[in-house]
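Student: As you go down the protein sequences, you meet chains C and U in turn.
Just so we're aligned: 218 in my numbering is position 52 of the first sequence, and the numbers increase by one with no gaps anywhere.
Just so we're aligned: 203 in my numbering is position 167 of the second sequence, and the numbers increase by one with no gaps anywhere.
Simulated from the structure, these hints should not be mistaken for lab results.
Where hints are given, some of them may not hold.
Computed footprint of chain U on chain C, listed as stretches where at least three residues anywhere in the stretch have a Cβ under 8 Å from a Cβ of chain U [claimed, not checked]:
#1 238-246
#2 252-266
Straight-line alpha carbon distances no greater than 16 Å define the calculated EDC-like cross-link-like pairs of lysine to aspartate or glutamate that follow [what the hints assert, rightly or not]:
#3 C:Lys231 <-> U:Asp189
#4 U:Lys431 <-> U:Glu67
#5 C:Lys222 <-> U:Asp406
#6 C:Lys369 <-> C:Glu301
#7 U:Lys145 <-> C:Asp263
#8 C:Lys222 <-> U:Glu377
Note that beta-carbon positions come from the ideal geometry of N, C-alpha and C, so glycine has one too.
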Amino acid sequence: MFRKLLAIAATLLAFPVIADDDVAALLRKADAYRLQERAARVETLVELYRGDALDKERRYTVYMKPGRRSLVLMRSPAEAGQKVLMLADQFWLLMPDTQRPLRITATQKLLGEASTGDISNMTWSEDYDGKVVDEKECPAPPASVSLSLNPSPAGGRGKPSASPLPPAGEGPGERARPRCLHLDLAAARPGVTYARIELYLDKASKLPVKADLYVNSGKRAKEAWYEAKTVDGQLRIMSMTLLDDIQAGRRTVVRYQSIVAKEAPDEFFNPAALVRNSLAGW
Amino acid sequence: MKRSLIAALFALSALAAQAGDFSASLSIAPEWRTDNHGSAYYVAPPVVPARHRSARQDLALRWRDGGFNAQGTLRVLAREGQAPEHHGIVNQFYYDGDLGNGSGYTLGKKVMSWGVGFGFRPLDVIQREDRRSLNPPPLTGVPLAAWEHFSADTAFTLAWTRPGHRHEATDFREQALAARYYRLVDGNDFHAVARLSRRHALEAGAGITHTSGAEWAFHAAALYQRRYGKALNTLAESGGGLLATANPMQGVTRRNGLKAVAGSQWTGTAGFGVLVEAWYDTEAYTRDEWRRLDALTASQRARAGFAPAAAIDGNVAWSSRAFERPNLLRENLLLRLTHDEERWKPALELLVTPRDGGRVLTTGLEYQGDRQRLNFGLRFLGGAADSAYAQAPAKRMAFFEWRLALP
Numbered sequence: 167m168f169r170k171l172l173a174i175a176a177t178l179l180a181f182p183v184i185a186d187d188d189v190a191a192l193l194r195k196a197d198a199y200r201l202q203e204r205a206a207r208v209e210t211l212v213e214l215y216r217g218d219a220l221d222k223e224r225r226y227t228v229y230m231k232p233g234r235r236s237l238v239l240m241r242s243p244a245e246a247g248q249k250v251l252m253l254a255d256q257f258w259l260l261m262p263d264t265q266r267p268l269r270i271t272a273t274q275k276l277l278g279e280a281s282t283g284d285i286s287n288m289t290w291s292e293d294y295d296g297k298v299v300d301e302k303e304c305p306a307p308p309a310s311v312s313l314s315l316n317p318s319p320a321g322g323r324g325k326p327s328a329s330p331l332p333p334a335g336e337g338p339g340e341r342a343r344p345r346c347l348h349l350d351l352a353a354a355r356p357g358v359t360y361a362r363i364e365l366y367l368d369k370a371s372k373l374p375v376k377a378d379l380y381v382n383s384g385k386r387a388k389e390a391w392y393e394a395k396t397v398d399g400q401l402r403i404m405s406m407t408l409l410d411d412i413q414a415g416r417r418t419v420v421r422y423q424s425i426v427a428k429e430a431p432d433e434f435f436n437p438a439a440l441v442r443n444s445l446a447g448w
Numbered sequence: 037m038k039r040s041l042i043a044a045l046f047a048l049s050a051l052a053a054q055a056g057d058f059s060a061s062l063s064i065a066p067e068w069r070t071d072n073h074g075s076a077y078y079v080a081p082p083v084v085p086a087r088h089r090s091a092r093q094d095l096a097l098r099w100r101d102g103g104f105n106a107q108g109t110l111r112v113l114a115r116e117g118q119a120p121e122h123h124g125i126v127n128q129f130y131y132d133g134d135l136g137n138g139s140g141y142t143l144g145k146k147v148m149s150w151g152v153g154f155g156f157r158p159l160d161v162i163q164r165e166d167r168r169s170l171n172p173p174p175l176t177g178v179p180l181a182a183w184e185h186f187s188a189d190t191a192f193t194l195a196w197t198r199p200g201h202r203h204e205a206t207d208f209r210e211q212a213l214a215a216r217y218y219r220l221v222d223g224n225d226f227h228a229v230a231r232l233s234r235r236h237a238l239e240a241g242a243g244i245t246h247t248s249g250a251e252w253a254f255h256a257a258a259l260y261q262r263r264y265g266k267a268l269n270t271l272a273e274s275g276g277g278l279l280a281t282a283n284p285m286q287g288v289t290r291r292n293g294l295k296a297v298a299g300s301q302w303t304g305t306a307g308f309g310v311l312v313e314a315w316y317d318t319e320a321y322t323r324d325e326w327r328r329l330d331a332l333t334a335s336q337r338a339r340a341g342f343a344p345a346a347a348i349d350g351n352v353a354w355s356s357r358a359f360e361r362p363n364l365l366r367e368n369l370l371l372r373l374t375h376d377e378e379r380w381k382p383a384l385e386l387l388v389t390p391r392d393g394g395r396v397l398t399t400g401l402e403y404q405g406d407r408q409r410l411n412f413g414l415r416f417l418g419g420a421a422d423s424a425y426a427q428a429p430a431k432r433m434a435f436f437e438w439r440l441a442l443p
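Here chain C stands alone, though its shape is the one from the complex:
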């Protein structure tokens, strides 16, 4: 009894004193699983599933640079030639037919539940701050998420994660679930894709497990589940599954097929230069 009371008291005392700096450090650690490179080229495959059937897929090449700069080149036949540029909280879209960049918003969808912001931004530490609200068992991914995460990405060199996150329904008594830190994050600057994020990080490794993503109205827009794989000896987030609260049975899987350190020149991230630059060779 005394031990239980001591544990509860310790829990109650521990979390309120986690300083903002510590949350920032947690987010930087979590970010490192998603994007370690200062500047990178990320080959991304987005798949939309209805039930267990693959309904549609799109390919993107994303160039990322410090200062919250991203350039998305759309590679699928239906979107060939389209580009999206993100500079902090500003977005531009270039349609090949018009050859003229248009201002768009961060919430504009690309495919399924994957918005422009989901594809072009892979870090939290620059955009969010908040607090650790509690520590609990890591949430169990729904069975549909486990299904979509099991196959290795095409051409992937990764091995399945060592992180033991059994899917829901496996039974709490059968297998001990890891502990997670539950963070409540608020947008630190205007114009970010989500106003609030409830983020679950594996307590031991700080590996992102799940995020509940909220829009400005306070409504939860979607939930994201993260899957890690060991790539070149390092544990990295190699896919993200987005589930829509409204449309059950649909899920969008964002697979990071390759992440390569690459720093494209600054002028490529100029909205007026979108028409000109093919980024061939980059």
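Dock chain U against the given chain C, drawing on the hints supplied.
Tutor: Quick look at chain U alone, frame taken from chain C:
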């Protein structure tokens, strides 16, 4: 000439299959329209060919390798009562060269669209895109030589467009020197453009786009024209008789023109979007110019039985070219509602000309698959009985387009 163009496009596609970045698409776009028999401007065939049914079939080819860019279209155009036409169109053919330190040059035929706005873009001084046409075909570029410089947040372009072209009476197919400066400041896009040509002298303008949060965007732009032109019916303007024996629609040049646009767009997280835009175009007709043309046309129609029908119809057909301009009146208001839902994108658009009570209602539905895109739309012209849009020779239009991205 057409055959050689077509052969060149096929050769290009064969070459492109070997190297570079190649894409191709096939599209079929039939269009239907109904005549406005109640309009004084309606002229029956054969004086004005019937356009109830037409269809455009395009094989579009695009190739890029390094700085070389080529885009061409093989088109079959079928119109009611006419033999099919075959066209080989070079939409773009240019080379983008790199001079280092953020500078580059362009030589060739290129689409160069500038400025801000949805329904009207005053700063689009090179491309002059008609934003109000129904289901327009891919743009065709402008022959030019250009130098550009880009930094992280600025861009400057100096272009010599249509080198060697002599100016024509009523359009922009003349050689010109054009410049654009762009700067990104605190998330706002600032644009400034200038164009110098023999016919239009100096044109200069500026524009801005500002976004607020994740949902709101605002834009505004204005262009001053030292000289501008439009085609007016000399009989209507000068009162020199009722029927002409030669085309009375003559280009006139006037001083101190203004084109301006201002608008706001809201995009919600559920995919709904609302655009409100107003614009002013001095090159369009004033209400009084329409009244004079209406009066002339009514007088010409009243001569039926007293003058040869062919002379009356011919004169009215000349006057009806006033409806071919992108803006029928100077003052325009546009409301556009859209919903962007993964595969389906419905849109509803209302254009109003407040000076005469005219309106154009357009509905559209687009389906985007992995390789296929379907697009369907309806347009209704109407409003006050004496408004320009209500008197247009066409009353209703429908189009459908199926586009397939080839592997």
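Student: Holds or violated: lysine 431 of chain U and glutamate 67 of chain U, Cα atoms, limit 16 Å.
Tutor: Holds. Lysine 431 of chain U to glutamate 67 of chain U sits at ~13 Å (cutoff 16 Å).
Student: Need the status of pair lysine 145 of chain U, aspartate 263 of chain C: alpha-carbon distance at most 16 Å?
Tutor: The given pair, whose Cα atoms are some 15 Å apart, holds under the 16 Å limit.
Student: Three residues minimum, CB to CB under 8 Å: does the stretch 252-266 of chain C make the cut for coverage by chain U? Let me know.
Tutor: holds (count 9)
Student: Residue count check for the stretch 238-246 of chain C against chain U: does it reach three with CB-CB under 8 Å?
Tutor: holds (count 4)
Student: For the pair supplied as a hint, lysine 369 of chain C and glutamate 301 of chain C, is the alpha-carbon distance within the 16 Å limit?
Tutor: holds, 8 Å
Student: When you check the alpha-carbon spacing of lysine 231 of chain C and aspartate 189 of chain U, does it fall within 16 Å?
Tutor: holds, 15 Å
Student: Mind checking the alpha carbons of lysine 222 of chain C and aspartate 406 of chain U for me, to see if they're no more than 16 Å apart?
Tutor: OK: lysine 222 of chain C and aspartate 406 of chain U at ~7 Å, within 16 Å.
Student: Check the hint pairing lysine 222 of chain C with glutamate 377 of chain U against an upper bound of 16 Å on the C-alpha distance.
Tutor: This hinted pair holds, its Cα atoms lying about 14 Å apart.
Violated hints are absent here; each numbered hint is respected by the structure.
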